[in-house]
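Asks: Going down the list, the sequences are from chains A and B. Just so it is clear: in the first sequence, position 192 is 192 by this note's numbering, and no numbers are missing. Position in the second sequence (from 1) plus 359 gives the number in this note's numbering.
In short, the hints are calculated from the structure, not lab data. Every residue gets a Cβ at the ideal spot worked out from N, C-alpha and C, and that includes glycine. Take these hints with a grain of salt, some might be off.
Derived contacts from chain B toward chain A, CB cut-off under 7 angstroms, selection only [unchecked claim]: (1) R637; (2) R640; (3) P644; (4) S788; (5) L789; (6) D791; (7) V792; (8) R794; (9) L796; (10) G797; (11) L811.
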Amino acid sequence: MRHVAVTGLHKAFGSHRVLTGVDLEVPTGSLTAILGPSGSGKTTLLRLLAGFERADAGTITIGDVVVEGPAVYVAPERRRIGYVPQEGSLFPHLTVGANVGFGLGAKERRRGKVDSMLEAVGLGGFGRRYPHQLSGGQQQRVALARALAIEPTVVLLDEPFASLDAHLRASVRADVQEIFRRAGTTAVLVTHDQDEALSVADRVAALRDGKIVQYAAPEELYSRPADAKLAGFVGDANLLDGVLAGGEVKTLLGSLPVDPAAAAALEASQGDEVTVLIRPEQIDLGPIDLVGEDGITARVISYDYYGHDAVVHLRPEHHADGRAIIARVVGTPAPAGSRVTLRTRGPVFAWPKGSLAEG
Amino acid sequence: MNDTAVSVPQAARAVAGPPPRRARRPVTLLTLSWLVAAVLALPLVFLLIEARGAGAADVARLIFRPLTASLLWNTIRLTVVVTLACAVIGTAAAWCVERTDLPGRRAWAVLVVVPLAIPDFVVGFGWNSLWTWAHGFFGAVIVMTLAVYPLVYLPVAASLRSADPGQEEVARSLGSARVRTFARITLGQAKGAIAGGCLLVALAVLAEYGAFEIVGYQTFTTEIFSEFNGYSFAASCALSLVLVLLSLLVLAGEGMLRSRGRVSRSGPMVQRISPPQRLGRARWPVLGLFAALVLLALGVPVAAAAYWMASGLPPALSGGANVSLLDAAGHTAAYGGSAAALATVMAIPVAMLAIRHGSRMRHFLERSTYLVLGMPGVVIAFALSYFTERYAAGFGYGSSLLLIVCYAIMFFPLALVGVKASLARAPVSLDDVARSLGRGRLEVLCRVTLRLAGPGLVAAFCLVFLSAVTELTATLLLIPTGTQTLATQFWSYESNLAYSQAAPFALVMIVVAAVPSYVLGRFFTRSAHAQG
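Looking at chain A on its own, in the form it has when it is part of the complex (with noise of 0.2 angstroms):
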């Protein structure tokens, strides 16, 4: 069942056009991700949602009830929607619980959903508290049950936890989660993190000049991104060119399986030059006395060490010419200057050379 739909969605401020044209539907007590770089669009599109903004054309339907569209404008305050800004946006004169019951009536209030949602987000007894008097990730808890104290059709978050600190930002992030699971809350999250909507969403829609590139799970945007500068864009990729032989493609790393879905995709290009997506973690690296026959060796050119984990730059031999790959390793990698084997995990993703997927 879909929840929230949009269609034909265009918005332009005097002659820059910030969207052309988005297509996105978010099923009912899903959480949806808007991911893309800073000045993609996003928070326009989500304020277009929400009814700050009006659009130039195409229609929004929120449940049952088109909120935007030809002759059509339904302002904020009717649309039932919950909206997180980025900083959380307390009102700073009001107390804890004055602002969660900001949005109710008085009957209510007194019938004590106040305190209800406060413990719901697990601060209860913080209701006469001032916002000033909370810590970064309580006050974006507050706002998160400000927003669903008047139990919106959808939730709209704009960048919520961009303003925590990176060791809150991943235990608030649970929370949330958790919230809106128990509560089969549909919502809307804008982001330009990565990890962030991958780690979080049910389904992400990619944002790019305006358009949606690519509308999909977690795992389909990461392992079959829509065209190479995607690819990018989700993830630390490395792009090789390569050669289309039947299921297979020729890259400088060897002769790896394809895809079936891109293999399906690209049919039509046998023979012809494709560009390779090899994520780093499908690249292992070995000691170089078990290099075989197909064995590819390279020289460690440096790594980036993360503790969980470390990044190894490399430079293959045989290809004086090839740029750097960089491989994925658990625990501490050779060091630099060292020989190594590489071995390729399949299969890998594909797109006929310089195609970029159009929203």
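Fit chain B to the given chain A structure using the hints.
Replies: Then chain B, alone, in the frame of chain A:
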């Protein structure tokens, strides 16, 4: 829906597509702002109408005569000297208070600003009534410098407080000596603030009447005033045009300076306390200079008023024909309060438009405020009073309404500064949240925006009130017959050399003006810290 790519929508292909829906425009705000801009433009429009009425040939003849040249020389040399003196004193004092280990910095920070609350003509009275040598050009320079140097001090101190002291440290670490660091980094950081302060000083000198009348120095403003009182309207009109042109030139100059160098700050906006510069052996001389400054700017006028009051009879016993202090204070408060309320209300829509909407409108409206800044009070008052008498069939002429409107126009830029600062504390995102929670626009304005902006609106009110209380020129021209304010009553005593009777009015004005200045000082210091 397809999982991977979404097809290109029809609307993007069809070149024209459906006709674009009109974006939601702040129609109410726009209408109100245009109305306000129209009111602000009235004095200039009136002045031009009057100039046409007087005849172009006549006006030209009145402009191109030797008197204009001598007024021009008098006005310009005074403006230049006072502005330079204020720039040096204000900047040096601000640097000492904000960046050095000067003993008693907190106390000095207050004492150095208080002279702003003392009306310029009271400073003039203080000096001239005690020492007859405080006269002419020399007297005018002393009096004006001491009366208005805080206009440079305040913005420079604020900018030094919020500027990144790390830049000074970096400069020192790169091998730049202390003096060079001060010249290149510190002054560079404060450049915009110094220019802004100098602009205010120059405009104040151009608009001043009372102090120059007392020390017997003739400028455009004093001449316009006496021509008007002598019913030579064409002459005041001609001179007003020159004066407005002069003020606009000053404004344009400052605008050019400002657009050339923008001071930006890199890195996160964190307030960092860096250790103050050590004054070392210079400490005692600097302390002495501060004491002298406060003594001259604050001590002399207050002491003079106290001296004359002590040497005369108490005012209540000195005759029945005199207006009582209470009466005059009541009128002052009523006029000042109404004008402050009017100016603040007028500033709200303009400030909201400027802060929350497009930059082109902001640009336009800021320009329209500049127009008022460039109109000295005497010109605004003259334009309003002559126009209502001559062209509007006496509508509003000689009524307190006209005086209040005149104040509101004169001090609108001040109100706008305060209201803008206060609305900046109520971010739009809060409005968005409130509306998404089901509250209508008017309710949001009352429950969220104005509630948060409240303290700042009080500050804006105080700023205008303070200025109206100490205003003399326009008040003298527009006050309803038979009514007296503190300023006008002081003036009539002072003109008759009844110093002991004038003195209590001066003291009351100082006290009345000091309270709002204190409130203001606190508000702007706090908001500077909050934004810091």
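Asks: Each hint should be assessed against the structure and marked as holding or not.
Replies: Right, here's what the structure says about each hint:
Interface restraint check: R637 (chain B) against chain A, minimum CB-CB distance 36 angstroms, threshold 7 angstroms, status violated. The interface hint given for R640 (chain B) is broken, as the beta carbon of that residue sits about 45 angstroms from the closest beta carbon of chain A, more than 7 angstroms. For P644 (chain B), the interface hint is violated, since its Cβ never comes within 7 angstroms of a Cβ in chain A; the closest pair sits about 44 angstroms apart. Hint status for S788 (chain B) relative to chain A: holds, with the closest Cβ pair at about 4 angstroms, below 7 angstroms.
A distance limit of 7 angstroms between C-beta atoms decides the matter here; for L789 (chain B) the minimum to chain A is near 5 angstroms, and the interface restraint holds. Hint status for D791 (chain B): holds, given a least beta-carbon distance of 5 angstroms to chain A, under 7 angstroms. The interface hint given for V792 (chain B) holds, since its Cβ lies 5 angstroms from the closest Cβ of chain A, which is under the 7 angstroms cut-off. For the restraint placing R794 (chain B) at the interface with chain A, the shortest Cβ-Cβ distance is roughly 4 angstroms, inside the 7 angstroms limit, so the hint holds.
Annotation: interface hint on L796 (chain B) holds; nearest CB of chain A at approximately 3 angstroms, less than 7 angstroms. For the restraint placing G797 (chain B) at the interface with chain A, the shortest Cβ-Cβ distance is roughly 5 angstroms, inside the 7 angstroms limit, so the hint holds. Taken as an interface hint, L811 (chain B) checks out: its beta carbon lies about 6 angstroms from the nearest beta carbon of chain A, inside 7 angstroms.
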